[in-house]
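J.: Here are the chains, one letter per residue:
Number of protein chains: 2
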Amino acid sequence: MSEELHGNCLVAQSGGPTSVINSSLAGVVTEALNHECIEEIYGGLNGVQGILTEQIVDLAAETQQNIRGLRYTPGAALGTCRYKLRSDADFDRVLEVFKAHNIRYFFYAGGNDSQDTADKISKLAQKKGYELRVIGVPKTIDNDLVTTDHTPGYGSVIKYISTSIREIACDNAGMGQHDLVQVVEVMGRSAGWIAAGATLAKNKDNPGSAPHLIYLPEVPFSKEKYIEDVRRVLQKEKFCLVVVGEGLIDAEGNYVSTDSQTADAFGHSQLGGAGEFLRGLAEENLSVKARSIKLGMAQRAAVHCASQADSDEAFMAGQAAVKAAIAGETDKMVILVRGESEGYVCETALAPLSEIANGVKLLPESWINEDGVSMNYNFTKYALPLIQGEVQVPFENGMPQYIELKKIRAERLLPTYTLET
Amino acid sequence: MSEELHGNCLVAQSGGPTSVINSSLAGVVTEALNHECIEEIYGGLNGVQGILTEQIVDLAAETQQNIRGLRYTPGAALGTCRYKLRSDADFDRVLEVFKAHNIRYFFYAGGNDSQDTADKISKLAQKKGYELRVIGVPKTIDNDLVTTDHTPGYGSVIKYISTSIREIACDNAGMGQHDLVQVVEVMGRSAGWIAAGATLAKNKDNPGSAPHLIYLPEVPFSKEKYIEDVRRVLQKEKFCLVVVGEGLIDAEGNYVSTDSQTADAFGHSQLGGAGEFLRGLAEENLSVKARSIKLGMAQRAAVHCASQADSDEAFMAGQAAVKAAIAGETDKMVILVRGESEGYVCETALAPLSEIANGVKLLPESWINEDGVSMNYNFTKYALPLIQGEVQVPFENGMPQYIELKKIRAERLLPTYTLET
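Those protein sequence lines, which keep their order, are chains B and S. Sequential numbering from 2 applies to the first sequence in the working numbering. Sequential numbering from 2 applies to the second sequence in the working numbering.
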């Protein structure tokens with residue numbers, strides 16, 4: 002165990018929220034309270050953006066109900082950002098803020114871009130001789146972070162999608178006696194993890210149950226094959242439930258969706274429309290009724306149908322980040338490791354931030370069936386433990402009661418900083 | 002009390018399913034078992050279509066777990082249809098099938114088109130001197146049936162939508178610091194009941210909470226006003242959650258959505274695309290990020306977030322239909338009546354089928370605020386009791402366990418009948 006480092010900690014959230022990102026925040030706060038060497042427990046509002054502009058809140062001053070409520074409240078309670086630290090001035094400012102508030106522990110919950118940011122902050126602190134321990138907390142519904150078995154947020158999104166698809170399948174089955182194509186578009190920019198997860202909706206006693214066809218960004222899309230796939234399913238089942246990841250590409254590597262494709266701050270295209278595109282293709286080429294559903298942001302916020310296993314692991318990842326930092330670790334991200342035993346066991350470990358930054362974990366090809374539109378047993382074996390248990394959201398007067406942090410501001414100690422836009 | 006009528010009963014389901022249509026089916030079956038004058042309890046598959054083609058199943062032969070499971074299983078367990086009885090031959094055939102199977106009680110769960118069908122069957126039986134008691138069971142997420150205070154199915158759809166919107170609002174709030182427009186398209190062909198119901202997502206302590214703008218089919222859409230509405234909300238809140246009913250029309254009475262508009266068997270247009278249309282308008286005219294969500298059929302199948310009050314009332318409506326028929330009533334539909342007392346009490350009564358058939362109940366104008374895009378207290382007072390309580394769906398191995406009826410076929414007694422197509 003390394004020497005005790007006394008000072009304050011700061012936790013922030015980044016990127017697109019998940020159903021359980023606040024559970025990780027609760028894990029960090031809860032664990033930080035256990036350690037005397039951590040004095041103030043600060044939250045940075047809107048990720049690095051709030052650090053740059055010194056928007057810091059006192060998390061220890063929140064009520065215990067609020068910290069408990071984080072375990073079932075969607076969205077990012079501290080706010081996130083997609084702002085990218087873009088200049089030496091930005092990085093120097095972060096360090097300046099950390100110094101001013103004696104931040105010695107920095108916990109950053111986010112995906113690969115965010116871990117890249119954390120890595121750079123950590124390296125700069127080392128270079129400047131400022132003792133700072135930086136630990137990343139994995140977070141993304143996309144499940145595309147390398148080194149970790151899976152990411153908090155993924156289990157909940159696929160539980161919600163699979164539940165919805167099983168319900169839609171009941172609905173469609175009841176409409177019977179006429180051909181119907183139902184396309185469900187789900188998130189997933191560059192990897193098909195989310196779309197693949199829809200396979201859990203299948204009734205294991207009925208191989209003909211929905212979803213019938215899953216189109217993954219990993220498998221180049223062919224219009225002709227799609228039409229044949231749908232025709233084949235309709236002949237047998239009278240209805241065809243298609244799941245498509247928003248990042249579907251054709252053989253030339255172009256997105257199939259025809260939507261406007263503006264890029265975000267990290268240069269990613271903003272996708273949407275793949276579902277409507279496949280709906281149209283089916284209707285035009287097969288003369289059948291076709292409908293589309295786009296769950297959009299609802300899927301990453303649906304705590305009312307979140308996985309308890311996922312929520313617990315997110316909490317555990319937050320705790321583990323604090324424990325690791327206290328033990329002297331820095332410049333690492335918490336990863337989830339699956340035990341070797343027969344039953345599912347999830348433990349935490351650490352991996353260097355630099356390994357996670359900007360890596361993308363694709364679906365293993367060997368988990369996709371030869372038909373290219375369905376998942377095999379290996380995938381199900383991997384994914385099923387991640388959706389176990391149901392988060393119990395308190396309802397009052399018919400509606401879920403989510404909490405809102407008080408966000409009591411810490412005093413500003415530095416001159417105003419203007420963000421580059 | 003009229004003379005006891007001995008014979009068999011037949012229950013069928015029609016039109017688009019709801020989260021609680023099977024709860025009404027459970028109510029019919031459960032109540033029918035209590036009455037000795039009802040001998041066989043039959044289900045007709047796929048509404049009148051299955052009656053015409055003599056696809057009749059023995060519901061008394063189902064397990065009790067299955068009948069109980071109907072209370073939390075989405076879709077129409079017996080199947081529905083949108084087939085319209087279109088000739089004297091069709092109507093004569095229905096009567097022929099009823100006679101062959103000694104059907105003396107006919108319960109039909111459906112919306113206004115279906116109640117119209119039930120009415121015509123009832124009148125034909127009277128004309129032909131065949132003693133038949135016909136009682137409709139109200140069913141539609143659209144809540145647009147006249148004479149009844151509300152319809153089973155409505156409470157659940159608005160509970161799910163409001164929950165989803167509250168969650169999406171958490172997600173959007175957490176994205177902070179940049180303008181975002183989120184459009185959520187919901188069902189509702191000719192009345193804005195469903196879109197209006199989204200107002201329940203509002204946090205009563207925060208008038209600025211989502212949904213910010215609700216576009217109803219009752220209020221002609223103006224592009225200019227929409228853009229100003231969104232601009233105003235963005236200025237104040239930094240994000241704007243828009244709810245739009247699929248049946249939104251402009252001042253000339255044309256649907257604003259640009260989707261293909263094929264008509265169904267009843268001549269209704271198939272809508273979709275209003276949400277994407279409003280999203281595009283905001284993005285193009287305000288230079289802000291805008292996203293859309295289309296919940297589609299998921300919203301009418303989401304039993305995992307259904308209202309217990311709604312499910313209980315659906316069950317009660319099924320029971321009431323049987324009780325009324327036993328008591329000698331015919332050619333009526335069960336309606337839900339709100340008690341006059343302070344607290345919410347829901348009772349059943351009866352109204353003539355002919356009154357319900359083809360009537361449409363619009364949102365009272367006085368429940369819409371002057372701004373045309375929000376609902377006032379009268380609406381909330383009306384709708385809030387309908388979403389109370391949460392249906393508990395049994396989950397197993399991480400997924401909801403819905404039941405499937407065995408559908409044991411009754412013997413066919415008549416020659417084959419060919420449907421007109």
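Think of the hints as simulated: they come from the structure by calculation, not from any bench. Any given hint might turn out to be false.
It does not matter which identical chain is meant; a pair holds if it fits inside one copy or across any two.
[Unchecked claim] Subject to a maximum C-alpha distance of 27 Å in a straight line, what follows is the list of computed DSSO-like cross-link-like pairs (lysine-lysine):
#: 1; residue 1: Lys290; residue 2: Lys237
#: 2; residue 1: Lys100; residue 2: Lys239
#: 3; residue 1: Lys205; residue 2: Lys408
#: 4; residue 1: Lys129; residue 2: Lys362
#: 5; residue 1: Lys121; residue 2: Lys362
#: 6; residue 1: Lys124; residue 2: Lys205
#: 7; residue 1: Lys205; residue 2: Lys382
#: 8; residue 1: Lys85; residue 2: Lys290
#: 9; residue 1: Lys290; residue 2: Lys129
#: 10; residue 1: Lys408; residue 2: Lys85
#: 11; residue 1: Lys407; residue 2: Lys226
#: 12; residue 1: Lys100; residue 2: Lys128
#: 13; residue 1: Lys124; residue 2: Lys100
#: 14; residue 1: Lys129; residue 2: Lys408
#: 15; residue 1: Lys85; residue 2: Lys226
J.: Next step is simple, just say for each hint if it's right about the structure.
T.: Results for each hint:
no., hint, verdict
1, Lys290 to Lys237, "within (16 Å within a copy, 42 Å between copies)"
2, Lys100 to Lys239, "neither (65 Å within a copy, 31 Å between copies)"
3, Lys205 to Lys408, "between (47 Å within a copy, 20 Å between copies)"
4, Lys129 to Lys362, "neither (33 Å within a copy, 71 Å between copies)"
5, Lys121 to Lys362, "within (21 Å within a copy, 61 Å between copies)"
6, Lys124 to Lys205, "neither (49 Å within a copy, 47 Å between copies)"
7, Lys205 to Lys382, "within (13 Å within a copy, 44 Å between copies)"
8, Lys85 to Lys290, "between (44 Å within a copy, 18 Å between copies)"
9, Lys290 to Lys129, "neither (64 Å within a copy, 38 Å between copies)"
10, Lys408 to Lys85, "within (24 Å within a copy, 59 Å between copies)"
11, Lys407 to Lys226, "neither (54 Å within a copy, 35 Å between copies)"
12, Lys100 to Lys128, "within (14 Å within a copy, 91 Å between copies)"
13, Lys124 to Lys100, "within (15 Å within a copy, 85 Å between copies)"
14, Lys129 to Lys408, "neither (31 Å within a copy, 74 Å between copies)"
15, Lys85 to Lys226, "neither (40 Å within a copy, 36 Å between copies)"
The structure shown violates the earlier hints numbered 2, 4, 6, 9, 11, 14 and 15.
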